[in-house]
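A.B. asks: Sequence:
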Amino acid sequence: MKQNDFKIKFWGVRGSYPVVNENFLKYGGNTSCIEITAGTNRIILDGGTGIIPLGDKIFKEHISSADNVFDRTQINVTVLLSHIHQDHIQGLNFFKPVNVVTTQFSLFGYSGFDSSLDETLSELIFGKSFPINLYDITADCTIADVTESDVITFDKNTPVLKRISDISDIEPKKDELLITFMKSNSHPNFGVMCFKITYKNKSVVYATDTECYYGGSKKLELFAKDADLLIHDSQYTTEDYLSAVSPKQGFGHSTFDMAYDTASAANVKRLAFFHFDPAYNDEKLTFLEDFYKNKNKNYFFAKEGLEICI
3 MKQNDFKIKF WGVRGSYPVV NENFLKYGGN TSCIEITAGT NRIILDGGTG IIPLGDKIFK
63 EHISSADNVF DRTQINVTVL LSHIHQDHIQ GLNFFKPVNV VTTQFSLFGY SGFDSSLDET
123 LSELIFGKSF PINLYDITAD CTIADVTESD VITFDKNTPV LKRISDISDI EPKKDELLIT
183 FMKSNSHPNF GVMCFKITYK NKSVVYATDT ECYYGGSKKL ELFAKDADLL IHDSQYTTED
243 YLSAVSPKQG FGHSTFDMAY DTASAANVKR LAFFHFDPAY NDEKLTFLED FYKNKNKNYF
303 FAKEGLEICI
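To convert, take the position in the sequence shown, counting from 1, and add 2; that gives this note's numbering.
FYI, nobody ran anything at the bench for these hints, they're computed from the structure. Where a beta carbon is used, it is the ideal one built from N, C-alpha and C, also for glycine. Do not rely on the hints blindly, as some may be mistaken.
Straight-line alpha carbon distances no greater than 30 Å define the calculated DSS-like cross-link-like pairs of lysine-lysine that follow [what the hints assert, rightly or not]:
hint : residue 1 : residue 2
1    : Lys227    : Lys299
2    : Lys271    : Lys221
3    : Lys28     : Lys286
4    : Lys158    : Lys227
5    : Lys198    : Lys59
6    : Lys164    : Lys175
7    : Lys220    : Lys202
8    : Lys202    : Lys299
9    : Lys250    : Lys286
10   : Lys175    : Lys221
11   : Lys11     : Lys28
12   : Lys204    : Lys130
Simulated restraints, written as ranges between beta carbons of each label pair [claimed, not checked]:
hint : residue 1 : residue 2 : range
13   : Phe289    : Ala68     : 41 to 51 Å
14   : Ser117    : Phe289    : 15 to 25 Å
15   : Gln251    : Val22     : 24 to 34 Å
16   : Thr160    : Asp284    : 38 to 48 Å
17   : Ser66     : Lys221    : 40 to 50 Å
18   : Lys305    : Tyr216    : 24 to 34 Å
Please model the entire structure based on the sequences and the hints provided.
C.D. replies: And the structure:
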């Protein structure tokens, strides 16, 4: 990773559950995971099944960096969890870097339960449902809950979580990597956390599993205002959302139109439609992508393997 890089790579773009067959190759079938590199820092957004091939890549690079385990390039990874539904955590158990003793693994997120994030994850995906316990992983692991009153800065490659004490805390200093948070209450049962990653006067906003309100999502529009890239939940077509047979209202997900309208109202430079319904195959998504590209050429559909620079 180069000092001035600010890159985004999509490793999983599906919602709900992963899909694997020949009709889902163009956009991919893994669930939510995005890799962001900002300078020498690596930030991972959510831990769906897309985090598994990402972990394989990081592990391979680490192994090939030197013969002796303690001479190898250290893995420093910061993971942000929007919430703890299955499609956002189901790949964490199989993320290979957590089994490397020299890995510095920091995980920040929102569980919405009375128990802490580490207790919740331990119950959900380790212990009873996995051969090892969360506390048995060999990496140097830090897990912490975040709220809207928190920010994350970085001391070299180490994330530093702190409470906002002044307006200057949410205004990044020159060349500073800063993460801020916004809670969306529209996703059952406890809402989700949205993230803004700012680096070198550029910003990426990640807003998955959010459903717009009548008149638009004003809180999100303000949070994402003038962002260089908004990655927005786009699980349903408007027709499926309003279906007389099986309506999706209240499920906590947006339509493509909702994502488009939010991006337009926030005046973002680029929009990535994201978190597609697993029933939408390549043919359907290609049709939808062509339609929205004709409306705005800077709005695009996320695809596994797609990498863009900000």
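A.B. asks: Determine for every hint whether it applies to the structure shown.
C.D. replies: Here's how the hints hold up against the structure:
no. : hint                           : verdict
1   : Lys227 with Lys299             : holds, 19 Å
2   : Lys271 with Lys221             : holds, 18 Å
3   : Lys28 with Lys286              : holds, 11 Å
4   : Lys158 with Lys227             : holds, 28 Å
5   : Lys198 with Lys59              : holds, 25 Å
6   : Lys164 with Lys175             : holds, 16 Å
7   : Lys220 with Lys202             : holds, 26 Å
8   : Lys202 with Lys299             : holds, 25 Å
9   : Lys250 with Lys286             : holds, 18 Å
10  : Lys175 with Lys221             : holds, 24 Å
11  : Lys11 with Lys28               : holds, 15 Å
12  : Lys204 with Lys130             : violated, 42 Å
13  : Phe289 with Ala68: 41 to 51 Å  : holds, 49 Å
14  : Ser117 with Phe289: 15 to 25 Å : violated, 43 Å
15  : Gln251 with Val22: 24 to 34 Å  : holds, 29 Å
16  : Thr160 with Asp284: 38 to 48 Å : holds, 41 Å
17  : Ser66 with Lys221: 40 to 50 Å  : holds, 45 Å
18  : Lys305 with Tyr216: 24 to 34 Å : holds, 31 Å
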